[in-house]
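**Student:** Single-letter residue listing:
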Amino acid sequence: MSAGGNGDSGYETIIGLEIHVELDTVSKMFCGCPTRFGEDPNTQVCPVCLGLPGALPVANWKAIEYTIKSGLALSCEIAEFTQFHRKNYFYPDMAKNYQISQYDLPICTGGHLDVETDDVSRRVGITRVHLEEDTGKLIHVGGEGRIAGADYSIVDFNRSGIPLMEIVTEPDIRSPEEARAFMAKLRSILLSLGVSDCSMEQGSMRCDANLSLRPAGDTELGVKTEVKNMNSFRALVRALAFEVERQTKVLQAGETVEQETRHFDAAKNITTSLRTKEYAHDYRYFPEPDLVPIKVERAIVADMAGKLPELPDARRMRFIESIGLGAHEAHLLSDTKPMGDFFEECVDGGADPKAAANWILGELSMHLNATGLEIEDCAVTPKHLTQLLKLLDEGTISGKIAKAVFEEMYETGKLPGVIVDEKGMTQISDSDEIGRVVDAVLAENPKAVEELKAGKDRAIGFLVGQVMRLTKGRANPQMVNDLIKERL
Amino acid sequence: MKHVALLARLELSDEELDYFGGQLAQILEHIDKISAVDTSNVEPTAHAVEVTNVFREDETTPSLSQDEALSNAPKAESGGFVVPKIV
Ligand SMILES: [Zn+2]
Numbered sequence: 001m002s003a004g005g006n007g008d009s010g011y012e013t014i015i016g017l018e019i020h021v022e023l024d025t026v027s028k029m030f031c032g033c034p035t036r037f038g039e040d041p042n043t044q045v046c047p048v049c050l051g052l053p054g055a056l057p058v059a060n061w062k063a064i065e066y067t068i069k070s071g072l073a074l075s076c077e078i079a080e081f082t083q084f085h086r087k088n089y090f091y092p093d094m095a096k097n098y099q100i101s102q103y104d105l106p107i108c109t110g111g112h113l114d115v116e117t118d119d120v121s122r123r124v125g126i127t128r129v130h131l132e133e134d135t136g137k138l139i140h141v142g143g144e145g146r147i148a149g150a151d152y153s154i155v156d157f158n159r160s161g162i163p164l165m166e167i168v169t170e171p172d173i174r175s176p177e178e179a180r181a182f183m184a185k186l187r188s189i190l191l192s193l194g195v196s197d198c199s200m201e202q203g204s205m206r207c208d209a210n211l212s213l214r215p216a217g218d219t220e221l222g223v224k225t226e227v228k229n230m231n232s233f234r235a236l237v238r239a240l241a242f243e244v245e246r247q248t249k250v251l252q253a254g255e256t257v258e259q260e261t262r263h264f265d266a267a268k269n270i271t272t273s274l275r276t277k278e279y280a281h282d283y284r285y286f287p288e289p290d291l292v293p294i295k296v297e298r299a300i301v302a303d304m305a306g307k308l309p310e311l312p313d314a315r316r317m318r319f320i321e322s323i324g325l326g327a328h329e330a331h332l333l334s335d336t337k338p339m340g341d342f343f344e345e346c347v348d349g350g351a352d353p354k355a356a357a358n359w360i361l362g363e364l365s366m367h368l369n370a371t372g373l374e375i376e377d378c379a380v381t382p383k384h385l386t387q388l389l390k391l392l393d394e395g396t397i398s399g400k401i402a403k404a405v406f407e408e409m410y411e412t413g414k415l416p417g418v419i420v421d422e423k424g425m426t427q428i429s430d431s432d433e434i435g436r437v438v439d440a441v442l443a444e445n446p447k448a449v450e451e452l453k454a455g456k457d458r459a460i461g462f463l464v465g466q467v468m469r470l471t472k473g474r475a476n477p478q479m480v481n482d483l484i485k486e487r488l
Numbered sequence: 001m002k003h004v005a006l007l008a009r010l011e012l013s014d015e016e017l018d019y020f021g022g023q024l025a026q027i028l029e030h031i032d033k034i035s036a037v038d039t040s041n042v043e044p045t046a047h048a049v050e051v052t053n054v055f056r057e058d059e060t061t062p063s064l065s066q067d068e069a070l071s072n073a074p075k076a077e078s079g080g081f082v083v084p085k086i087v
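Read top to bottom, the protein sequences are chains A and B. Here the first sequence is numbered in this note's numbering, starting from 1 and rising by one per residue. Here the second sequence is numbered in this note's numbering, starting from 1 and rising by one per residue.
These aren't lab readings, by the way, just hints derived from the structure by calculation. Among these hints, one or two may not hold up.
[Said to hold, decoys possible] Pairs of lysine-lysine, PhoX-like flavour, derived with a Cα cap of 25 Å:
| # | chain 1 | residue 1 | chain 2 | residue 2 |
| --- | --- | --- | --- | --- |
| 1 | A | LYS87 | B | LYS2 |
| 2 | B | LYS85 | A | LYS472 |
| 3 | B | LYS2 | A | LYS96 |
| 4 | A | LYS137 | B | LYS85 |
| 5 | B | LYS75 | A | LYS137 |
| 6 | B | LYS85 | A | LYS447 |
| 7 | B | LYS33 | A | LYS96 |
| 8 | A | LYS137 | A | LYS87 |
[To be verified] Derived coverage of chain A by chain B (criterion: at least 3 residues anywhere in the stretch with Cβ under 8 Å from a Cβ of chain B; other residues may be distant):
| # | region |
| --- | --- |
| 9 | 42-50 |
| 10 | 86-100 |
| 11 | 239-250 |
[Said to hold, decoys possible] Quick list of simulated restraints, FRET-style, between CB atoms:
| # | chain 1 | residue 1 | chain 2 | residue 2 | range |
| --- | --- | --- | --- | --- | --- |
| 12 | B | SER65 | A | VAL418 | 33 to 43 Å |
| 13 | A | PRO53 | B | ASP38 | 45 to 55 Å |
| 14 | B | VAL49 | A | GLN252 | 56 to 66 Å |
| 15 | B | GLU50 | A | GLY149 | 50 to 60 Å |
| 16 | A | SER75 | B | SER40 | 34 to 44 Å |
| 17 | A | ALA55 | B | ILE31 | 44 to 54 Å |
| 18 | B | VAL49 | A | GLU77 | 35 to 45 Å |
| 19 | A | ALA184 | B | GLU50 | 42 to 52 Å |
| 20 | A | SER75 | B | THR45 | 24 to 34 Å |
| 21 | A | ALA305 | B | ASP38 | 39 to 49 Å |
Every residue gets a Cβ at the ideal spot worked out from N, C-alpha and C, and that includes glycine.
Turn these sequences into a full structure, and let the hints steer you where they fit.
**Tutor:** Shown next as structure tokens:
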């Protein structure tokens, strides 16, 4: 069954996601402070993002443009008229005691995204995409660094005011695995658009989930819990799977699920109730008087729509139709932009598409997994792989040697041609040279020779292996084969 | 009244609740009067001034130094603003 694990419990899982994405602008949403990650605390702040009296915000057009582009890529309607609202709350992560956000007039509404898992393809509705400002970062001192039990907290406002795009889905997702697939696809779309670096680990892409169960076949929604603090795709699947199991047990015991916010603890693999005093949320939204409303010209929207880059679905179709990849390989290679770019650079550099796909999804992916690196951060570039495939194709090196060369270039970043020269790994295709080794091997293994003459084909494998061993894998295997047969 | 006070994080005595409660009632009454005006032929106003689309380019400007940023803070530690216990 699916990772939801509730397939035979009689309950259907209902999930809606709320995703926050920090937009990749160089300056903040409403002031000119830089948005760099990892700087010393409170060094990227000014009167506007510190909420000092009299400071006035001015909206960053690039962030609005990025939000419109994201909305277009998610098939949303783009508002003709939109504005910012103040969301009022008391929490020290915002200096102003309100966050500039959007309320009844978000920039984008009513889109959708189709996601595929092994079992199904599903259209997930996008309720809205809006723009707001990120909050500051709190460090809790005492109480093991958790808010409950801390003695006091320290605030860093560097992050405060970074443009934050919020994407809200309809409750259309039916399993933790589908939630992961949705996030992966959304991430690859946003990376293609270049609007965010979408790093869940660094917090530039964050996800909260609303999850409820209902008896299969029911149309009314059950009581939901909100799950927070899922900092990777893996954490998302594990947190939601845990929550499905927990709610299933509650319902099966005849009890009711409590509507609450639950925090995912990645170390223990469980969600726990936050148990904070939850005041009924009453944000008292009102139009931000310091910012004027925005009219989005239709011509600008049409122009942006015309200039959208190729999105993952279109790229996958192109990989299948014009490059001739299989559906599965095309899916894997178009799923993330860096991997798709890597593949295309190889093909543009003259590599055979199928061979390039095999090496990227095979050897390269295996090494990336083992070393925990991303494709764009590893020492092997498209130039390396293309050159390796060329050496292989020309017969300069054998398939076995190619793997050894790959290993070496993954570690050192040296080009394959250099490695092959340095280590003398060139394939031996000189029939005299191979012939001498073949003669020696045949002389040393009379038993295998007899067996081969008696029709035992298995023996030839052994003899070829001996020749390969003596030549350290450098002999051309086909020639070795031919020469042995010729000699008998 | 108590709900409004809670949202504003204000602790009010019973006398103050009475006193401000009366004032709030007056304000609400006044707003009721405004609501009585027929606005069926008036375009809704989104903002007090008739201006739209004021933007800035995505360019950085100098920020304050950490010392400047923290200069008004009642208490600072490790480059951050110290705030009292949250929960
Ligand atoms: Zn600032």
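**Student:** Does each hint fit the structure? Answer for all of them.
**Tutor:** Cross-check of the supplied hints:
1. Only pairs whose Cα atoms come within 25 Å are accepted, and A/LYS87 paired with B/LYS2 is accepted, the gap being roughly 20 Å.
2. With a C-alpha separation of about 69 Å, the suggested pairing of B/LYS85 with A/LYS472 is violated against the 25 Å cut-off.
3. In summary, the hint linking B/LYS2 to A/LYS96 is supported, as the alpha carbons are separated by about 23 Å, within the 25 Å threshold.
4. At most 25 Å may separate the alpha-carbon atoms for a hinted pair to count; A/LYS137 and B/LYS85 meet this at roughly 15 Å.
5. Our distance criterion of 25 Å between C-alpha atoms is met by B/LYS75 and A/LYS137, whose separation comes to about 17 Å.
6. Pair hint B/LYS85 plus A/LYS447 does not hold up; C-alpha atoms about 85 Å apart against a cutoff of 25 Å.
7. Of the pairs offered as hints, the one joining B/LYS33 and A/LYS96 is violated, with about 32 Å between alpha carbons and a cut-off of 25 Å exceeded.
8. Only pairs whose Cα atoms come within 25 Å are accepted, and A/LYS137 paired with A/LYS87 is accepted, the gap being roughly 18 Å.
9. Check result for the region 42-50 of chain A against chain B: holds, 7 residues qualifying (beta carbon to beta carbon below 8 Å, three or more required).
10. Check result for the region 86-100 of chain A against chain B: holds, 4 residues qualifying (beta carbon to beta carbon below 8 Å, three or more required).
11. By the rule of at least three residues with a Cβ nearer than 8 Å to a Cβ of chain B, the coverage given for the region 239-250 of chain A is violated, with 0 such residues.
12. Evaluation of the 33 to 43 Å hint for B/SER65 and A/VAL418 yields a failure: the beta carbon distance comes to about 49 Å.
13. A hinted range of 45 to 55 Å is violated for the C-beta pair A/PRO53 and B/ASP38, which are about 39 Å apart.
14. Distance hint for B/VAL49 and A/GLN252: a CB-CB separation of about 59 Å, consistent with the stated range 56 to 66 Å.
15. Separated by about 52 Å at the C-beta atoms, B/GLU50 and A/GLY149 satisfy the suggested range of 50 to 60 Å.
16. Checked against the hint of 34 to 44 Å, the pair A/SER75 and B/SER40 passes, with Cβ atoms roughly 36 Å apart.
17. The beta-carbon spacing between A/ALA55 and B/ILE31, approximately 30 Å, falls outside the hinted interval of 44 to 54 Å.
18. Taking the beta carbon of each, B/VAL49 and A/GLU77 are about 27 Å apart, not inside 35 to 45 Å as hinted.
19. Between A/ALA184 and B/GLU50 the beta carbons are some 45 Å apart, a value that agrees with the proposed interval 42 to 52 Å.
20. At roughly 32 Å, the beta-carbon separation of A/SER75 and B/THR45 lies within the given 24 to 34 Å, and the hint holds.
21. At about 41 Å, the CB distance of A/ALA305 to B/ASP38 agrees with the hint of 39 to 49 Å.
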